[in-house]
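**Student:** Based on the provided sequences and hints, a complete structural model is requested.
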Amino acid sequence: MQHNFTMSVSKQKLLLINPNSTQHMTDGLRNEVQSWPEQQARGWDVTYYTAPSGSPASINSNEDAAASAEVVMNDLKATGSLEGYDAYLVACYSVHPLVAKLQQQILGPRVQVLGIFEASLRMSMSKLMAWDRNMVSFPHFSIISTGKYWGKALSDGVIDYLTANKHDLRAFGNVETTGLSATELHDTDQATVKLKVKEATKRMFSRQCTVVILGCAGMSGMKLWVKEAITEALGEEDAEKIEIIEGVAAGFACLSAAGGSRDVDSLFS
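Numbering of the sequence shown is given in UniProt numbering, commencing with residue 1 and proceeding in unit increments.
Just to be clear, a hint being listed does not mean it is correct.
Said to hold, decoys possible - Pairs of lysine-lysine residues, derived as BS3-like cross-links and limited to a Cα-Cα distance of at most 27 Å, are as follows:
1) K194 with K152
2) K148 with K227
3) K241 with K227
4) K194 with K148
5) K127 with K223
6) K198 with K127
7) K152 with K198
Derived from the structure by calculation, the hints contain no laboratory data.
**Tutor:** Right, dumping it as structure tokens:
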């Protein structure tokens, strides 16, 4: 008699944190993750978290990020959400202080904490290291983000990250902004949003950009617009060579590759 056995592999539990208080942004993240091919989020049982009303509706500055970190941290403590998860992913594209707060608070040796900003940089550096130097003398990444404020704020964050991890600063091109806040990406007429996203994308390619990062969690789902703009700027053949990185997807990839290690930085250094 032949017996068929199936092995049940339990999924790791991930808390995906939207640190602003806008529920439809969280809904957008959920829709994006659920639209991925099965293997992309395989192994994760995802819980989606939206910050309570005391947090800013849109994080438009480092001050907003700091305020949201306090609100979210207090709420996670009050609701017992600092336990019971294998990983925490902070879905705000900034040097968000919640990442460090969670790392300090959560003592489990195999519990991972990551922000999408850091995840995208790790993945970008991995992509650049594999780039053919015969095609581009020094390949680099650029970031498309939201409001003008983030041009300098993200640039400072990138330089700090590259310096701390002993990467060549030439790997960073620049930050181009759309002029729209994270909430405006969804609340504004989508034809206008698409135009602004495409215009910002095209401005990158005066600098031989080889990797484009979508620098806002609210840009989930806008990858096709960016791809379209790159094709219009470079032509179809050259556009195929450009990597596009979305922060939340990079976060899942880094966490999955780490396999339970808190030292996700070592994977892409």
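**Student:** For every hint, state whether the structure bears it out.
**Tutor:** The hints, checked one at a time:
{"no.": "1", "hint": "K194 with K152", "in the structure": "23 Å, holds"}
{"no.": "2", "hint": "K148 with K227", "in the structure": "22 Å, holds"}
{"no.": "3", "hint": "K241 with K227", "in the structure": "11 Å, holds"}
{"no.": "4", "hint": "K194 with K148", "in the structure": "17 Å, holds"}
{"no.": "5", "hint": "K127 with K223", "in the structure": "17 Å, holds"}
{"no.": "6", "hint": "K198 with K127", "in the structure": "23 Å, holds"}
{"no.": "7", "hint": "K152 with K198", "in the structure": "20 Å, holds"}
The structure agrees with every numbered hint stated previously.
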